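Participant: One-letter residues, chain by chain:
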Amino acid sequence: MKFFLTTFALVIVLSPPAKSFTLGGSSLLKGFQQSPVEVYLNPDLCPASIESDLKKAIDLWQSVPSSGLQLQYQGLTATAASQLKDFSFPEALVVACSDDFGNDHPNGCDSTCLDFVTAVGGFIGSGLSITKGLVIVNVNSGAQANMHNLGSAQRQLLLAHELGHTLGLGHSSEPSALMYYNLGGKQRLALHQDDMDGISYLYPRDEFGSDPMLACGRVDMSGGSPLGGTPPLWLFVLFLTLWIGLRLRFRADSIQKLGEPL
Amino acid sequence: MQTLLKALWKPTLQISIVIGFFLSLCLSPSALAQRQGGRPPAAAMGGTVSGHSLMGGLSWVSYNTYSTTSSLTGKKDLLGVSYYPLSLRLFIPLKGPNWQLSPRFSYSILPRQMLDGAGESRLMGFTLPVNRRIGGGGFGRAADSSWDWWTGPGLLQERFKGSGGAVVLNDGAGMQVFHRPAGDRTAQMLLWHLGSGWTKGPWRIDMELAFNWPLSEKQTQHLMLTASYRLWSGP
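Heads up: the sequence lines are chains R and Z, in that order. For the numbering used here, add 37 to where a residue sits in the first sequence, where the first one is 1. Under the numbering used here, the residue at position 234 of the second sequence is numbered 223, and the numbers go up by one with no gaps.
Calculated from the structure, these hints are not laboratory results. The model shown is predicted, which means the values in this text are computed figures rather than measured ones. Careful: at least some of the hints might be erroneous.
Distance condition first, Cα-Cα at most 30 angstroms in a straight line; then the derived BS3-like pairs of lysine-lysine [unchecked claim]:
id : chain 1 : residue 1 : chain 2 : residue 2
1  : R       : K93       : Z       : K189
2  : Z       : K65       : R       : K67
3  : R       : K169      : Z       : K150
4  : R       : K92       : R       : K67
5  : R       : K93       : Z       : K65
6  : Z       : K65       : Z       : K189
7  : R       : K67       : R       : K122
8  : R       : K93       : R       : K122
9  : Z       : K64       : R       : K92
10 : Z       : K150      : R       : K67
11 : R       : K92       : R       : K122
12 : R       : K67       : R       : K169
13 : R       : K92       : R       : K169
14 : Z       : K65       : R       : K92
15 : R       : K93       : R       : K169
16 : Z       : K84       : Z       : K189
17 : R       : K122      : R       : K169
18 : R       : K93       : R       : K67
19 : Z       : K150      : Z       : K64
Kindly generate the complete structure, drawing on both the sequences and the hints.
Facilitator: Printed below as a string of structure tokens:
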């Protein structure tokens, strides 16, 4: 019993604490009501890998099991960055690059801003629901924050972060979260529990209601396993090892007892 | 060819694990002992020989185990965030002393707190596993302890309750007001549970893994340890 209590106490003490996400709009904001949310890209002026970077960012957000969010990459569009800031474009969510970021940024961006802000993500809504979203990427020549100056991992992180804004999330106070304002130190595309909480709050999954229960009807055959991701093997190994260890210990006790008179 | 092998590898691995699990039930020492004419063990999973029993317990749930990161490198954490639900589990004999149905309801009375009291979340779960006793207590003699494997589907509900208000955070260019969530939102997931339990007298310890596969294309896994006590036993 001491073993179990010690293990229990250790895992409680070692568990990471939860943090808090924020919303980009009202505290009662709901996300896009349409599903799936269709994402379009205008690749003009963008780095060559932007399409694959965007797809990875999309995959990241829709990998959260407790979230019913469905993002669907719809391909290319001709809608230019200069057409985005007044939200008059017909698509639901558009990603585009701008070499005139100062003017195309919905709130304007001065020379200092041009050296610090690589992209902006935003949305417009009707009531508490989001109807349209945009991501404008800074490719201003001479600007330090020009996306062409970033590596592929940073571009993916940046696009995923801005997509988070277009989906309704604000910044997080957790430095390890994708939605933290500064992505400078981050090396790999990953979600913190805080990001998962945020997207699950805005797009909660309901497998007994609106969301399909089984994956059969919407399996993505474009790559990887047709059955989806794998539960990590090491967890099963850990589980089995613990079980076998405990069982052997128990059997040793039993064998000892068998020597005693019944 | 490499792509094909890569695509086949994951499902093959998953199917092997499941087949291995069920084979382990059939080939466990107690199952073999019984087929070879040994006396069936007297202890059962809920702590009674063949009747019903109700157990109350406290669990630790590592939610989203190996799915999220808390580091700038993006390396996934071994453990997820913690919940501490209370549970009630009824053991119902199915066939002989070795098979039982054990529906369980659990609810985290203590919520997981978010930073600065901005919100909290709770877990509520219902699991419907079938237990297969696999040994314990010294085979062929009466004992008050037993081991069992169990598996079954479960519904996990996560409820977020935001306390609303606003917080000032950096937006990259300066400080800006952001809104905290307000109101309740509920997410429901179907999971598959795989667990093992040890019963001794009125006490029981369970260790389990709950995962979305194969019920969903979105994958996470949750680790759970439960200590429970027999509250009632009947015929």
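Participant: All hints are to be evaluated individually against the structure, with a verdict given for each.
Facilitator: Taking the hints in turn, this is what the structure says about them:
With a C-alpha separation of about 50 angstroms, the suggested pair K93(R) and K189(Z) falls outside the 30 angstroms cut-off, and the hint is violated. The straight-line distance between the Cα atoms of K65(Z) and K67(R) is roughly 29 angstroms, inside the 30 angstroms bound, and the hint therefore holds. About 26 angstroms separates the Cα atoms of K169(R) and K150(Z), which keeps this hinted pair within 30 angstroms; it holds. As the CA atoms of K92(R) and K67(R) are separated by approximately 24 angstroms, the hinted pair is consistent with the 30 angstroms bound.
Between K93(R) and K65(Z), the direct Cα distance comes to roughly 17 angstroms. Compliance with the 30 angstroms bound is thereby established for this hinted pair. Taking the CA atoms of K65(Z) and K189(Z), the gap is near 36 angstroms; set against the 30 angstroms cutoff, the hint is violated. Our distance criterion of 30 angstroms between C-alpha atoms is met by K67(R) and K122(R), whose separation comes to about 21 angstroms. A distance of roughly 25 angstroms separates the Cα atoms of K93(R) and K122(R); the hinted pair therefore holds under the 30 angstroms criterion.
This hinted pair checks out: K64(Z) and K92(R) have alpha carbons roughly 21 angstroms apart, not beyond 30 angstroms. For the hint pairing K150(Z) with K67(R), the CA-to-CA distance comes to about 14 angstroms; that is within 30 angstroms, so the pair holds. Restraint check for K92(R) and K122(R): the C-alpha separation of about 23 angstroms stays at or below 30 angstroms, so the hint holds. Using a Cα cut-off of 30 angstroms, the hinted pair K67(R) and K169(R) holds, with the two alpha carbons roughly 13 angstroms apart.
Between K92(R) and K169(R) the alpha-carbon distance is near 19 angstroms, which keeps this suggested pair within the 30 angstroms criterion. Between K65(Z) and K92(R) the alpha-carbon distance is near 21 angstroms, which keeps this suggested pair within the 30 angstroms criterion. About 21 angstroms separates the Cα atoms of K93(R) and K169(R), which keeps this hinted pair within 30 angstroms; it holds. Proposed proximity of K84(Z) and K189(Z) is supported: the alpha carbons are some 21 angstroms apart, at most 30 angstroms.
Restraint check for K122(R) and K169(R): satisfied, since their Cα atoms lie roughly 11 angstroms apart, inside the 30 angstroms limit. Of the pairs offered as hints, the one joining K93(R) and K67(R) holds, with about 24 angstroms between alpha carbons and a cut-off of 30 angstroms not exceeded. Taking the CA atoms of K150(Z) and K64(Z), the gap is near 29 angstroms; set against the 30 angstroms cutoff, the hint holds.
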